[in-house]
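**Q** The lines below spell out each chain.
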Amino acid sequence: MTSLTVEKPPPAEPEAPTRTKNTLAKRLVPWGYLSPTVVLIVLLMVVPIIMVISYSFRDNVIVQENSVFAGFANYTEVLTDPDFLAALKNTFIFITVSMVAHLLLGLGFAMMLNSGMLSGVTKAIFRVVYVLPWLFTIAVIAVIWRLLLDPSGVVNYVLQTLGVISDGVNWLGDPGSALWVVTFVNIWSGYPFFMISLLAGLQGIPGELYEAASVDGANPWQKFWNVTIPQLRPVIISMAVLDLIWTSQQFALIWMMTGGGPLNSTEMLSTFTYKLAFSEYEFATASASAVVVLLLTMILAFFYVRQQRER
Amino acid sequence: MAIRKASRTRLIGALTAATVALALGACGGGDSDDVASDGTVTLEFAQWWAPELPAGSFDKIINEFQTANPTIKVKLLSGPYASTKQQLVTGAASKTLPDVVGLDGAWVNDFAKQGAIADLTELMGDANYDASQLASQIQLEGKTYMIPVVNFVYPLFVNQDLLTKAGVDKVPSTRTEFADAAKKITATGGNVKGWALPLDTAVPNGIQNDVMSWLWASGGSMLADGKPALTTPQVKSVVEYVKSLNDAGVIAEGSLTMKEQDKVEKFTTGQVGMMIDSLAHINLVKENAPDLKFAIAPVPAEDGFTGKRGIPYASWGIGVANSSKHKAEAFKLVQFLMDAKANAELATLANGFPGNKTAKPDFSKSDPMFEEAFKIYQEGFPANEFVGLPKSEDLMRSFDEQLQLVLTGKSSVDDALSKSQDSWSSVIE
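Residue numbers (this note's numbering), protein chains in the order written: chain Y, 1 to 311; chain B, 312 to 740.
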């Protein structure tokens with residue numbers, strides 16, 4: 001006969017505190033992983049933004065030790081400044097024309113590179129050529145185009161040789177043309193990003209959709225309008241909104257090409273704000289202007305986030 | 312399971328510790344210890360001079376200082392002019408300026424009013440420094456805030472080949488002679504113009520160097536008792552003169568967005584016959600166009616003017632941060648750079664004129680033009696009324712915008728000057 005000895009189990013620990021400890025630890029785990037990022041975001045983004053917002057409600061900030069609360073005075077000053085309103089108008093023209101042109105050029109070139117009518121080698125060559133402007137830094141782009149557009153530069157020489165113009169055009173020095181010229185340069189430098197993104201979108205459209213459209217008797221235009229565009233719609237909307245946001249923050253190109261001139265004809269919200277801060281040392285008014293820009297950008301960001309959620 | 316739990320706890324601990332260290336590091340970054348255990352003090356010196364000097368030459372001068380002062384180390388923070396300016400503007404705002412700072416006279420008023428730069432008069436007194444050897448000091452309310460270390464004058468550059476081609480046998484000395492020469496050079500054709508006038512508003516120093524220089528060359532002033540005086544006949548005659556040159560079509564096209572470097576480029580490539588420019592660009596012009604025959608001369612004055620001519624200048628100035636914990640050591644560095652020997656060495660390297668009156672720059676290895684320019688400098692007087700003014704860049708920009716309106720026919724000279732006067736009056740109180 002065998003006997004089975006069963007050890008008496010140790011007395012169980014009280015369950016409730018352990019569970020609480022585990023639950024707390026579990027809850028803290030994600031925050032532990034996130035903490036480096038959270039700290040960086042707070043230090044590098046939240047704190048500066050809060051500081052700029054607080055500056056915008058004060059007077060004589062930074063340059064004087066005892067700044068005073070000014071309420072909305074800085075906002076009133078900025079929003080009634082004719083130069084700000086001119087900069088707002090210029091920025092609107094600059095970003096909308098740039099975005100539309102980026103979209104049309106990007107889509108056109110992407111469709112060409114996605115076409116079955118071209119050989120692989122031809123496509124590769126064009127892909128390199130089309131993407132080139134994207135590879136230059138803004139400083140290089142500004143210098144190159146300033147040289148090309150000089151009244152004695154290559155552009156005038158070519159146009160005069162071809163008989164398009166009789167006298168050299170002062171492209172950047174003429175208040176009537178300067179805004180359109182810097183917009184053109186911005187379009188030139190920015191379309192490749194659209195092209196690459198839309199090309200990726202085009203390559204993701206299933207061939208069956210086009211085959212089905214062909215079976216239904218659709219012509220190329222109908223295929224483009226009823227298959228390509230609806231399939232690309234999420235990419236187009238995302239890119240358009242992002243481009244509006246990015247272009248509204250374009251500073252270096254304008255600063256290096258025209259500095260906002262001549263006669264404020266290319267003044268943008270970014271250059272206007274910079275001049276207030278670093279030339280006039282009016283950091284409070286510059287902060288108010290920056291907050292207005294932030295709010296306008298947030299409207300665009302809101303549409304972007306909403307569109308992303310819908311996807 | 313227990314092991315996993317333990318390592319997870321350790322990971323969270325490590326992440327949290329790293330995060331706290333990061334946060335503390337970010338918050339305490341400005342308080343790094345600059346005194347070594349052996350008592351050696353490290354000074355930070357921000358300037359744009361080193362990149363503009365022959366490679367390594369400024370380090371050599373600083374090494375000489377460190378050898379003479381073994382308890383002081385100098386950490387050079389060197390960058391281009393524009394980025395140094397931005398760095399100093401933000402540093403002044405946050406009271407984190409480096410101990411010693413390279414200064415442009417145009418920044419002094421604003422930095423001094425912010426309390427960002429120290430009163431050098433006091434430091435000179437503490438160090439028993441003999442200030443009589445200084446060629447100039449930039450003062451505000453009787454206190455010195457900046458000492459010009461090296462001065463760069465802006466004479467008239469003339470392309471002699473173009474002048475000869477245009478049939479002008481004498482370098483212009485008066486406004487009438489200049490206008491005549493500019494017209495004749497323009498008449499030679501081939502897209503060549505008489506003069507380059509950079510009026511880009513991003514860096515509006517064309518107003519100081521290329522417009523107001525005409526005023527100072529004739530002994531005029533844009534200030535009266537420290538207040539703006541832009542509606543005087545003297546200033547009006549300058550603007551009318553510039554407008555007359557523009558109306559005559561002798562100014563290179565694109566001037567409304569032309570930058571200083573475009574001006575030099577146009578002169579170097581023979582697209583313009585004359586320009587007012589920094590002497591420091593002589594080497595650049597000769598490097599890029601070795602065959603170009605050009606001369607320098609004082610900026611033309613009003614017809615019949617016989618007084619001393621003001622010659623525009625820019626400086627490499629030096630100051631000490633008010634927030635520096637080592638002002639005495641910082642001033643030792645200032646003293647060293649203003650010493651006759653070091654100052655002459657620096658001026659020779661920079662192709663400028665020394666800030667110490669007793670320093671003798673060595674022109675033996677330089678272009679003969681520098682010696683000629685030194686004579687022009689000594690015969691006239693350095694003139695730059697923007698030095699020491701508040702928001703001087705903004706003053707130049709507002710005048711620039713009004714001048715652009717005049718040149719494009721959108722404003723009369725009187726209206727433009729009256730608006731500039733109002734704008735300046737709101738800044739210079």
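Rather than coming from a laboratory, the hints here were simulated on the basis of the structure.
All values derive from a computational prediction rather than experimental measurement.
Please note that a few of the clues may not be correct.
[Claimed, not checked] So the derived label-pair ranges between C-beta atoms look like this: (1) B:V738 / Y:I144: 51 to 61 Å; (2) Y:K123 / B:L387: 49 to 59 Å; (3) Y:P36 / B:A600: 33 to 43 Å; (4) Y:F303 / B:K721: 31 to 41 Å; (5) Y:F302 / B:A535: 52 to 62 Å.
[Unchecked claim] Derived, one-sided and incomplete: chain Y residues facing chain B with beta-carbon distance under 8 Å: (6) F57; (7) D59; (8) I62; (9) V63; (10) S67; (11) P151; (12) G168; (13) N170; (14) L172; (15) G173; (16) W225; (17) T258; (18) G260; (19) G261; (20) F278.
In this text, a Cβ means the ideal position worked out from N, Cα and C, and glycines have one as well.
**Q** Does each hint hold? Answer for all of them.
**A** Evaluation of the provided hints:
Judged by the Cβ atoms, the range 51 to 61 Å given for V738 (chain B) and I144 (chain Y) is violated: they are separated by roughly 37 Å. A hinted range of 49 to 59 Å holds for the C-beta pair K123 (chain Y) and L387 (chain B), which are about 51 Å apart. Range check, P36 (chain Y) to A600 (chain B): about 55 Å between beta-carbon atoms, so the 33 to 43 Å window is missed. At roughly 39 Å, the beta carbons of F303 (chain Y) and K721 (chain B) sit within the given window of 31 to 41 Å.
Checked against the given bound of 52 to 62 Å, the beta carbons of F302 (chain Y) and A535 (chain B), roughly 55 Å apart, stay inside it. Taking 8 Å as the C-beta cut-off, the interface hint given for F57 (chain Y) is violated, the closest approach to chain B being about 17 Å. About 15 Å separates the beta-carbon of D59 (chain Y) from the nearest beta-carbon of chain B, more than 8 Å, and the hint is not met. The restraint placing I62 (chain Y) at the interface with chain B holds, with a minimum CB-CB distance near 4 Å, inside the 8 Å limit.
At a threshold of 8 Å, the smallest CB-CB gap from V63 (chain Y) to chain B is about 5 Å, leaving the interface hint in force. Taking 8 Å as the C-beta cut-off, the interface hint given for S67 (chain Y) is violated, the closest approach to chain B being about 12 Å. Checking P151 (chain Y) against chain B by beta carbon gives a least distance of about 4 Å; that is within 8 Å, so the hint holds. A least Cβ separation of about 7 Å between G168 (chain Y) and chain B falls short of the 8 Å threshold, and the interface hint therefore holds.
At its closest, the beta carbon of N170 (chain Y) sits 5 Å from a beta carbon of chain B; the interface hint therefore holds under the 8 Å criterion. With 8 Å as the threshold, the beta carbon of L172 (chain Y) comes within range of chain B, its nearest partner Cβ sitting at about 5 Å, so the hint holds. With its C-beta approaching chain B no nearer than about 4 Å, G173 (chain Y) sits inside the 8 Å limit, and its interface hint holds. Because the beta carbon of W225 (chain Y) sits about 43 Å from the nearest beta carbon in chain B, more than 8 Å, this interface hint is broken.
Checking T258 (chain Y) against chain B: minimum C-beta separation of about 5 Å stays under 8 Å; hint holds. Using the Cβ-Cβ criterion of 8 Å, the hint placing G260 (chain Y) at the interface with chain B is satisfied: the shortest such distance is roughly 6 Å. A hinted interface residue such as G261 (chain Y) counts as satisfied when its beta carbon comes closer than 8 Å to some beta carbon of chain B; here the least separation is about 4 Å, so the hint holds. Given hint, F278 (chain Y) at the interface with chain B, holds; its Cβ is 6 Å from that chain's nearest Cβ, closer than 8 Å.
The structure fails hints 1, 3, 6, 7, 10, 16 (numbered hints given earlier, in ascending order).
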